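I would like the entire structure built from these sequences, with the hints used as guidance.
For reference, the chains in residue letters:
Protein chains: 10
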Amino acid sequence: MTKAEMCEKVLAAKKSAGVTWQQLSEVTGMGAVYVASGCYGESSMPPEAAEKLGEVLSLSDDLVEELQTYPTKGWSMGAKVVPTDPLIYRFYEIMSVYGASMKDVIQEEFGDGIMSAIDFKLDVAREKDPKGDRVVVTMNGKFLPYKKW
Amino acid sequence: MTKAEMCEKVLAAKKSAGVTWQQLSEVTGMGAVYVASGCYGESSMPPEAAEKLGEVLSLSDDLVEELQTYPTKGWSMGAKVVPTDPLIYRFYEIMSVYGASMKDVIQEEFGDGIMSAIDFKLDVAREKDPKGDRVVVTMNGKFLPYKKW
Amino acid sequence: MTKAEMCEKVLAAKKSAGVTWQQLSEVTGMGAVYVASGCYGESSMPPEAAEKLGEVLSLSDDLVEELQTYPTKGWSMGAKVVPTDPLIYRFYEIMSVYGASMKDVIQEEFGDGIMSAIDFKLDVAREKDPKGDRVVVTMNGKFLPYKKW
Amino acid sequence: MTKAEMCEKVLAAKKSAGVTWQQLSEVTGMGAVYVASGCYGESSMPPEAAEKLGEVLSLSDDLVEELQTYPTKGWSMGAKVVPTDPLIYRFYEIMSVYGASMKDVIQEEFGDGIMSAIDFKLDVAREKDPKGDRVVVTMNGKFLPYKKW
Amino acid sequence: MTKAEMCEKVLAAKKSAGVTWQQLSEVTGMGAVYVASGCYGESSMPPEAAEKLGEVLSLSDDLVEELQTYPTKGWSMGAKVVPTDPLIYRFYEIMSVYGASMKDVIQEEFGDGIMSAIDFKLDVAREKDPKGDRVVVTMNGKFLPYKKW
Amino acid sequence: MTKAEMCEKVLAAKKSAGVTWQQLSEVTGMGAVYVASGCYGESSMPPEAAEKLGEVLSLSDDLVEELQTYPTKGWSMGAKVVPTDPLIYRFYEIMSVYGASMKDVIQEEFGDGIMSAIDFKLDVAREKDPKGDRVVVTMNGKFLPYKKW
Amino acid sequence: MTKAEMCEKVLAAKKSAGVTWQQLSEVTGMGAVYVASGCYGESSMPPEAAEKLGEVLSLSDDLVEELQTYPTKGWSMGAKVVPTDPLIYRFYEIMSVYGASMKDVIQEEFGDGIMSAIDFKLDVAREKDPKGDRVVVTMNGKFLPYKKW
Amino acid sequence: MTKAEMCEKVLAAKKSAGVTWQQLSEVTGMGAVYVASGCYGESSMPPEAAEKLGEVLSLSDDLVEELQTYPTKGWSMGAKVVPTDPLIYRFYEIMSVYGASMKDVIQEEFGDGIMSAIDFKLDVAREKDPKGDRVVVTMNGKFLPYKKW
Amino acid sequence: MTKAEMCEKVLAAKKSAGVTWQQLSEVTGMGAVYVASGCYGESSMPPEAAEKLGEVLSLSDDLVEELQTYPTKGWSMGAKVVPTDPLIYRFYEIMSVYGASMKDVIQEEFGDGIMSAIDFKLDVAREKDPKGDRVVVTMNGKFLPYKKW
Amino acid sequence: MTKAEMCEKVLAAKKSAGVTWQQLSEVTGMGAVYVASGCYGESSMPPEAAEKLGEVLSLSDDLVEELQTYPTKGWSMGAKVVPTDPLIYRFYEIMSVYGASMKDVIQEEFGDGIMSAIDFKLDVAREKDPKGDRVVVTMNGKFLPYKKW
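Residue numbers (our numbering), protein chains in the order written: chain S, 1022 to 1170; chain Y, 1022 to 1170; chain R, 1022 to 1170; chain E, 1022 to 1170; chain C, 1022 to 1170; chain B, 1022 to 1170; chain Z, 1022 to 1170; chain G, 1022 to 1170; chain L, 1022 to 1170; chain P, 1022 to 1170.
None of these hints come from the bench; they were simulated from the model. Since the model is a prediction, treat every value here as computed from it, not as a measurement. Zero decoy hints are in this set.
Using 30 Å as the maximum straight-line C-alpha spacing, the simulated DSBU-like pairs for lysine-lysine come out as follows:
id, chain 1, residue 1, chain 2, residue 2
1, S, Lys-1030, L, Lys-1024
2, C, Lys-1030, Z, Lys-1024
3, L, Lys-1101, S, Lys-1024
4, Z, Lys-1030, C, Lys-1036
5, E, Lys-1101, R, Lys-1169
6, C, Lys-1073, C, Lys-1142
7, G, Lys-1142, G, Lys-1036
Per the computed footprint, the stretches of chain R lying under chain E, defined by three or more beta-carbons under 8 Å from a beta-carbon of chain E, are:
id, stretch
8, 1112-1122
9, 1136-1143
C-beta atoms are modelled at their ideal positions from N, C-alpha and C, and glycine is treated no differently.
This is the structure:
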């Protein structure tokens, strides 16, 4: 079974079950984006979480097992180097516009190094606003200083 | 004067003055990343902030004026569609890996639409951690529902 | 069901029914381009409109449901970054030739910001002309000023 | 003199003169976007309009002459096949999302053919709206039916 | 039915019938290249010509109908921006080498504008030559002057 | 001296002399497009033609010599794989739409092989037409059959 | 039948028959590389050679026929503009490193023109060498001088 | 001094001296293509050869020294992944058409491995032919079997 | 059978057998990465190793045979020129950052030449470290000096 | 001063001083590749090492300072996504061929995660071998397990 086949089946099961990523987040005790990325085949799920998902979504055993295997990442973007979906593109645009500035501000504060995308977590929240609610995306990654050898 | 020429001169002035983006943020009352993006020529500065920068960094009048003109954005990435700098690339990778998941979680919560990259702000903070401090990037954009006509 | 599968089936049903986008526009009370984009899987249809389409085109329930789900957009262009179809290419060419000028004129009038492609509508009309009728495309999007923070 | 050199000098003269494209449109009796595209080196100006611009902006004779030469178009986008500036990108996105639909609606109305990008004009206007003013872009091009031979 | 499926079936029927494009050109009274482009799914056939083809090639009714629908063009080149087939590549090379020169010569003669690729026809002929026969390709398109507005 | 420098100087001399490619064609006895391609640095001029040009355009000796050197071709398109200029793009589009058809028609007539782009000539002519004059481009290249070994 | 399907079947038949390209070269009296390119669907086989192959490899009649049709070339490289296979890449690298030099040496000897890739043949041979045998690739193409018109 | 600067100066010196690569090949005792590649900055020259060139072309000492430094290769192709010059392109085309076949024939003869592009030499020769002389390019590289570990 | 089909079947057999690449390395006496690359269809296995794998993984005869055929390499990266998987991307990044430096250090030590990627082996090992274990990748390739001819 | 300007000056100073990276490695107590990457502008040098280099290479103060600033990385590869230099390309090829295998072997040993390219070091060594000395490249990076949140 490929991750693409797993993804298709798990998303169909989620639709049948009528549950949201937020609810699956509560059931598994993991972040909603992380649970989604596991089901999209971009992350590996811990065994208990995979089994919990298996129960809630009535998944077959091999699906539960596949959720735990380590993926080759980035496949869900196809061959597109610039994303076409407007929601995802906006984040690409943000980096295009503010990337150099963020780099400077981060490195002025932390020194020469980067924010890890591996020892990393990401949350999405709603901020109420009378002029229109706002999406708040929080990225939290360990600072990794460049080793000089 | 092009934005590229302005950028080169303002960064040199900042280096001479020995100030950080954080300090320029306090002086201007604007976010550090925003101030930096103005100096990198990717944003336009409000008049008072531009003048404040002019004082602190001893900029000539035409530099202060150029800081206020509206830029053509994205030029500082050159022709690179995939960023090569490791710090900036990590954000591209995050979208490649978690993009589809974020989209799903955001739209399940807010409906069909996107997070604005225009009515938008971005902050960088340090989170103390004994295993290594962490970079916290917070993106905050208005939710824009798709108009159906 | 993927949006691609939905698209294929809905277009076939429209062909069998022998109706035009203009007629479907009148039936649903929505713009012809919007209705088409919903059937092409690039927009989500409001429930009533989807049901109305279901009736007129004799669509199965799952097609009516799929018409309402939120799409990942831009898929119908495949991996082509420059469109090959001559009609669509002309709009790409217009931006290549007049893009910088439009940007300048819009920002001189409205300030630093953009025209929204989300809070946006698009109409196509015919202008009679003895030298050959003309296509009039009207794009109408909310102006979004850049937030400075 | 290259069009790029001409563009740089004319834009500087316009800045010194403190006039807007709207004002130059009135002076020359041509559309604001067209006048801008002439100054950006993407269109050729008619002699009288070029001379009028020469007067208002105090341009040298060779600039007035260069404004009238026929350009090689699309140079102002550099080597970027996907535009990076957010305002211009939104129009690219609109085609990515609504392109197939527009094509269908236009051809259902007019037959097999395209909207000309040569026998073509484009206007930008402001639509007052209490929820935020709107940008209205009107494109008007002759319909060209495919010759069958 | 997609144009790709139509193309495959019509080409197979042509092979069975053992006729050339030249013969189909005579039967339909249309140019050989145009008839071929209709069968390749890159042009729409007029009803009488489609029916004539249907007779000669014993095509089913839905093939005859599909031949008349308006195509999304350029699909037959796949995702290749530079053609790989040597015969087709040579025309791309000709533009790469002589393109700027042709543009200059055409515009010096006709003014600022282009040759239409829509109100356009193309013929292929053989020129006898003792040193090796020659291929003569004649392209004939209406000159479209740039509208200035 | 590079071909780019030569090109810039020769075009300036042609402008000063106020002659057209058509007139230079008559003076040199060569095709207008060929003369232009020599001056654009995409072809090498025969000695007599180069000297004739030198006289008419008052070129320095090293320019006359450079016109005769063998060029590295295709440089005048820069790094653009898809041309942006609308006049040149139309020929690219023609190949995208009619390329497979032309190939078929040519090979059905001549056998497996190609039209040479080296033993090749190209002319541009005007065809009077009350509905708008037409551009006629004639390409004439030797047929080269594939050697089977 | 597509060339891709033909290729798959002929290669399977060759494997079953346990013959080498060298042996097929002897049987058909054609070069080993040419025979292989015919079976890979990149060249058309002469009738007698195709029939000879049909006998030796026990091919069906439609395979023998398909071997003789004229291919659209370059398909076997997929969409890869830079080859990934190390053996094939080395030839691409050789052109990248020695291309400009070869061009100069050839044109100094032959004049302005190219080596034909159509009236062309290619052989592979082994050169014994105690330090490790060597691959000798000989390319032999007609020199085609640029026609000046 | 960069290799690009060296290249420009050495080629100018060669032009002044009025010598061919063939003559420089005899003077240095090295292959004509190799000498050219050294002067184009794509290969390093052995000290004696560099000094010999220095004498014949009256090069300054730092040019003679630069000829011996190790280059970063492939720069002379710029950013072009597909070569535009027709002579060089033909070799790219040959690999596109015959690459898979050559690979097969070589590996059937030599086993799993490649032809080295490093322990490699390349010669160009003229083959007299009444129907038009032929270019013969001979590539000779050591076979390198894949190490299995 | 294609290498892709072989890969899918062998990986499934390995999963069923519950063995690691390390264990298969011991069984076959070959490096773990090499064994894996054989099963991924990027290397050819020696007969004994292939048979050993056939036993341990209960592979059919044609799988054992296919493991020994010579692959066309690089297919497992699809059309991606920049790898998207974070683990693989890091090695691409390392070359982007340290490539020019490595080249310089290697050539200063060994002379003008390269490290072979054919007469080459690669090992992965774990280095215990209290601050977090480390991955040690050792690449070992024969130095190949450029042949000067 | 840009990193590119710094690089050019430091490399010239190194050449004048006649020292190798190995010697600079000993002087500074840092790895040869790291010192080179600092001078190439791809890494930041620690203050003492930068000063040490300043002494040995007689660098001006602003060069010593620039060596310590944090670079935007990857610039030295220009816009090339596939490296053209043969030595550097071979490492790209290794990833293309063995990347998926390495990933599998590393993750089977360490779990789901990656090798850090930041907390990382790289050494180059010579391995004596009678059949030709070998280049040994050792990469050593911390294993970073994916955080699950």
